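**Q** Taken in sequence, the protein lines are chains G and L. Residues 5 to 603 in our numbering are what the first sequence lists, from first letter to last. Residues 5 to 603 in our numbering are what the second sequence lists, from first letter to last.
Bear in mind the hints are in silico, worked out from the structure with no lab data behind them. Every value quoted in this text rests on a predicted model; they were computed, and no experiment measured them. Keep in mind that a hint or two might mislead.
[What the hints assert, rightly or not] Calculated cross-link-like contacts (lysine to any residue; reagent style SDA-like; alpha-carbon spacing at most 20 Å):
1. G:LYS468 / L:GLY541
2. G:LYS468 / L:ARG546
3. G:LYS468 / L:ARG452
4. L:LYS468 / G:LEU251
5. G:LYS468 / G:ASN540
6. L:LYS468 / G:THR564
7. L:LYS468 / G:GLY541
8. G:LYS241 / G:LEU251
2 protein chains.
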Amino acid sequence: MLHPSNPSRERLDSLRANFPGDGVDAVLVPRYDAHLGEYCAPHDERLRFLTGFTGSAGMCLILADRAVMFVDGRYQVQVRQQVDLDQFEIAHLIEQPVARWLVESGATGLRVGVNPMLIPGELHAELSRVLTGGGGALVALDADSVDRIWPDQPPPPLAPISAMPAERSGETSADKRRRIGARLHDLQADLLVEAQPDNIAWLLNVRGVDVDTTTAPHSFALVDGDGGVEWFVDERKLPNDRDSLELDGVTLRSPGALVERITARASNRAVVVDPQHAPAALALAVEIGGGRVVREMSPITLMKASKNAVELQGFRDCHIEDGVALSNFMAWLQATVPARAASGNPVTELEAEEKVLAFRQASSQFLQPSFRAISASDANAAMCHYVSTPQTNAPITASSVYLLDSGGHYLGGTTDVTRTMCLAPPDAQFRSAYTAVLKGLLATLMLRFPAGTFGHQIDAFARKPLWDLGLDFDHGTGHGVGHVGAIHEAPHRITRVANPFEMSPGKVLTVEPGCYVEGQFGIRIENQVEVVDVANGFLQLRSLTLCPILLEMAELSELTAAERAFLDEYHARVRAELMPRVLPETRDWLASATAPIAV
Amino acid sequence: MLHPSNPSRERLDSLRANFPGDGVDAVLVPRYDAHLGEYCAPHDERLRFLTGFTGSAGMCLILADRAVMFVDGRYQVQVRQQVDLDQFEIAHLIEQPVARWLVESGATGLRVGVNPMLIPGELHAELSRVLTGGGGALVALDADSVDRIWPDQPPPPLAPISAMPAERSGETSADKRRRIGARLHDLQADLLVEAQPDNIAWLLNVRGVDVDTTTAPHSFALVDGDGGVEWFVDERKLPNDRDSLELDGVTLRSPGALVERITARASNRAVVVDPQHAPAALALAVEIGGGRVVREMSPITLMKASKNAVELQGFRDCHIEDGVALSNFMAWLQATVPARAASGNPVTELEAEEKVLAFRQASSQFLQPSFRAISASDANAAMCHYVSTPQTNAPITASSVYLLDSGGHYLGGTTDVTRTMCLAPPDAQFRSAYTAVLKGLLATLMLRFPAGTFGHQIDAFARKPLWDLGLDFDHGTGHGVGHVGAIHEAPHRITRVANPFEMSPGKVLTVEPGCYVEGQFGIRIENQVEVVDVANGFLQLRSLTLCPILLEMAELSELTAAERAFLDEYHARVRAELMPRVLPETRDWLASATAPIAV
Chain G
5 MLHPSNPSRE RLDSLRANFP GDGVDAVLVP RYDAHLGEYC APHDERLRFL
55 TGFTGSAGMC LILADRAVMF VDGRYQVQVR QQVDLDQFEI AHLIEQPVAR
105 WLVESGATGL RVGVNPMLIP GELHAELSRV LTGGGGALVA LDADSVDRIW
155 PDQPPPPLAP ISAMPAERSG ETSADKRRRI GARLHDLQAD LLVEAQPDNI
205 AWLLNVRGVD VDTTTAPHSF ALVDGDGGVE WFVDERKLPN DRDSLELDGV
255 TLRSPGALVE RITARASNRA VVVDPQHAPA ALALAVEIGG GRVVREMSPI
305 TLMKASKNAV ELQGFRDCHI EDGVALSNFM AWLQATVPAR AASGNPVTEL
355 EAEEKVLAFR QASSQFLQPS FRAISASDAN AAMCHYVSTP QTNAPITASS
405 VYLLDSGGHY LGGTTDVTRT MCLAPPDAQF RSAYTAVLKG LLATLMLRFP
455 AGTFGHQIDA FARKPLWDLG LDFDHGTGHG VGHVGAIHEA PHRITRVANP
505 FEMSPGKVLT VEPGCYVEGQ FGIRIENQVE VVDVANGFLQ LRSLTLCPIL
555 LEMAELSELT AAERAFLDEY HARVRAELMP RVLPETRDWL ASATAPIAV
Chain L
5 MLHPSNPSRE RLDSLRANFP GDGVDAVLVP RYDAHLGEYC APHDERLRFL
55 TGFTGSAGMC LILADRAVMF VDGRYQVQVR QQVDLDQFEI AHLIEQPVAR
105 WLVESGATGL RVGVNPMLIP GELHAELSRV LTGGGGALVA LDADSVDRIW
155 PDQPPPPLAP ISAMPAERSG ETSADKRRRI GARLHDLQAD LLVEAQPDNI
205 AWLLNVRGVD VDTTTAPHSF ALVDGDGGVE WFVDERKLPN DRDSLELDGV
255 TLRSPGALVE RITARASNRA VVVDPQHAPA ALALAVEIGG GRVVREMSPI
305 TLMKASKNAV ELQGFRDCHI EDGVALSNFM AWLQATVPAR AASGNPVTEL
355 EAEEKVLAFR QASSQFLQPS FRAISASDAN AAMCHYVSTP QTNAPITASS
405 VYLLDSGGHY LGGTTDVTRT MCLAPPDAQF RSAYTAVLKG LLATLMLRFP
455 AGTFGHQIDA FARKPLWDLG LDFDHGTGHG VGHVGAIHEA PHRITRVANP
505 FEMSPGKVLT VEPGCYVEGQ FGIRIENQVE VVDVANGFLQ LRSLTLCPIL
555 LEMAELSELT AAERAFLDEY HARVRAELMP RVLPETRDWL ASATAPIAV
């Protein structure tokens, strides 16, 4: 289908008009900002501006006579709906990434322009190798090729920065910086170039909402072995009262001075630059300055993943607030849906999303949603990455299956929880799948595993009950969660792909098995967990989430005695924590939802 | 303890005397031959000659005034018993590998000599980087530093090479070479440098026993995109009747011509060299010749791992032979141990090892042991890597726990199986541990998992019953097995560490959970398996091993109905295949060992 209103043809023409002046045959436009994360500010939605594609990952290679969109499996359908297929070919970002595409195209002497601030060092090196091998080159452009043709580009975000004081973060910035400095010594390195906002927010005990649902202000940092920091941040974002921030030993710099400062300080120094999470320009700056690049994951990433006692208590406390809001929501939904559906004015996905937000906002601790909620009714829930829009906003009827994956940032922590509700008695297929998802969750939560176990060893316990039915789910079992931080925090994950980071107490993750039948329904049950010591070096995933796990859709006879006892114990804990705090009209629902299982 | 008879002091002095002439300050002597495998011929036991250390992995860095032995966790005790601690310091090969040791030593300007034929390209590159970074260099020596001071060095092996005809390998060498040539095209490569004997043996359909218990003749190969091969092999090893070999399209060369031929052919070509399994000298030769090194795992490694129908039938058939031999052995052991123990002349570990070999040799299909058997009584079995020697040769008494991990190469395949026997009723601790090991084996064999699952996802199913008791085992759950090939065949493994190779039908692996209590006992139950399709893209590990799984030490009440049914079905299969073939005196034992479980 043509998109007559899609202006991509003119934008491509404008972009291509600059090729001769820049001395290139093509440019690569990725869906990255200079921090290479999952979420972009409107200022950085260059790929969307150029192509119309709104997904969270992808890139476009624009040549003189063709343009190729590279997106992963999640977006193969969406991209074809969003881009003008007269202008763009579609490739698979994973199966045929750009480097491979370039090799297979057989092009020689190709000069491809990139903005080296918008591409990870590792990808830059790979593309450079491939192009040079073919007699061409990867060309660093002085000005971003899209910015030059985007007259009404929104300005960079300037959200106010606030303190995350040690009472809530559990450690002063000075102590954190000392630990990172010591770690640099261990790595035989002198300097760390840090481009990840959540790592800097953790290090400096600050927060700020430059991008919706995130908590880390855009900035960069240079950290030395003594824990001294040059912080490259737009000073307009800082509060008037800077004494609230922990800025001893921190030198403020303009973000524009970053490359120059790296170059000035790198000479004869070993400089850690994360090859996947720092833009290529920063490693290049080290080399230009005469330094040696140490290509290692930022040491902050691993240190931040181990939550301290204050952070963990904050997580536990905010999950009580969150469980109250979710219980109030689920009781409201169950009470409201049938009458509203009967009245011809059914509750919708977007209304439900607003309602759960309102329940969360009733907490004095609540800050903002921790991600755009997945509020999905019936067939919409079969799309794992669905978000409701006015165009797709489906009703939740008395016979609906409704999936809600949502969470909040609170003063003391971050939540991420999914529940699937069935407003009427489910059929046998659904009941069987729901029971398997439930058993997968329980197997993972009940597992005791030795310290040092990897997430990839645990992943399949959440899948086995589905495997027994010939089913599976096509996403990870769980991901790390930041402390008032990134909703998908590196590096720990529970996935089928390798994750070489050992489990130890204090890690915070999700466990979220699911089952999706296209065109029919989606099921996911997700608890957030902390890794805790149980005995003799063995660990367990203890639920932070305190919210009833709905059992009316489960085949209880398929649960083992141990599973039933585990659920009863969990629900007793949920009831004890939430009952005194929920709305009066929620109490009956909560009592019923947390009642011991009748054998 | 000093080792007065250990001649390492003189040997170190001789070695060091050559430093000035070679222009080096140190040399590195690894326990590798030019094929970088697990097993070395006596000719290549340079590290043992120099230091006295007999382990299967390790290396020694000899400086002017000190010498450092690097060995992994398995060998930390053994190395201290074997080397002269006045001459050698000990370091941990994994926790403080040579490159790290060099950095931490703070030495600058150090010139370290190596034989680039005896060190993997990856390690060579890392050491070179570290030494150059410190103002020194890694120096390629013209002659091996140990060979020069080893007057009575045994000659290289010259075992006869024989054909593995397509009737038994399932595919002609020409067809295999065509497939590898096509794979080189896919990799955009022109040539493959192959240094792994088992890969070449598979490719050329040949076998030969240059090293005890192995089946692949020492040789090298250059393979091109048309499937043409230059085979670098000592022609003295070839049979007089060369027509039995598939040598069409194969040019014979002397092994000594390898580097020169690589250099001659590499110009302007992309050449695949396995960075972990080809010596550094070969990638260097590509570069010297003006070629581009493609650092990839050899494409033969993955292709060889998928066994064809003929190979799989060979595996199945030889496991019947093997099960007969093992059943005869176990029946003999059970009948013999009490009387021999009572007579004061107990059966010993070495005698049992000889006996099981004799039972295997009774098969007309048997070639040789596939590895040195682990025949271990009581506390000796607690050492996973134990092999019995005249010094350690323990008796097997009427109250012993006895572990036998053994296998054979047969004309049609290779076996690897472990059984643990208890000659008297076990105590509660042993019974509980044995039951957990059994349940771990069953969980893994009963698991149905989707195609594409990784071994690291399966690993923990074999451990969970042990984890439930606060126990674990400190080795992998399983490894690949070659077809009349390497007993530890790459690349598929079932391990806690990442193994990014997807499971698919035709892979052959072991499953071998265990439990070891130091000073007391060791338990391991191992079945060899093939990956088979069950339904709708789901796979299962089907036992190749046909040998009773002993149940008298298990707590049968802890088995689920499904586990009992699985065992009954397995034992019915074992009984049907073996009963007609075992010795008459074995039949009663086999009937009892394979009887259905009484509920």
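**Q** Hint by hint, note whether the structure agrees.
**A** Here is how each hint holds up against the structure:
Proximity of LYS468 (chain G) to GLY541 (chain L) is assessed by CA-CA distance (about 15 Å); at most 20 Å being required, the pair is judged to hold. This hinted pair checks out: LYS468 (chain G) and ARG546 (chain L) have alpha carbons roughly 18 Å apart, not beyond 20 Å. For a cut-off of 20 Å, the pair hint linking LYS468 (chain G) to ARG452 (chain L) stands: about 8 Å separates their Cα positions. A distance of roughly 49 Å separates the Cα atoms of LYS468 (chain L) and LEU251 (chain G); the hinted pair therefore is violated under the 20 Å criterion.
Pair hint LYS468 (chain G) plus ASN540 (chain G) does not hold up; C-alpha atoms about 27 Å apart against a cutoff of 20 Å. A C-alpha spacing of about 17 Å is found between LYS468 (chain L) and THR564 (chain G), which places the hinted pair at or below 20 Å, so the restraint holds. With a C-alpha separation of about 15 Å, the suggested pair LYS468 (chain L) and GLY541 (chain G) falls inside the 20 Å cut-off, and the hint holds. Of the pairs offered as hints, the one joining LYS241 (chain G) and LEU251 (chain G) holds, with about 14 Å between alpha carbons and a cut-off of 20 Å not exceeded.
Checked against the numbered hints above, the structure violates hints 4 and 5; every other hint is satisfied.
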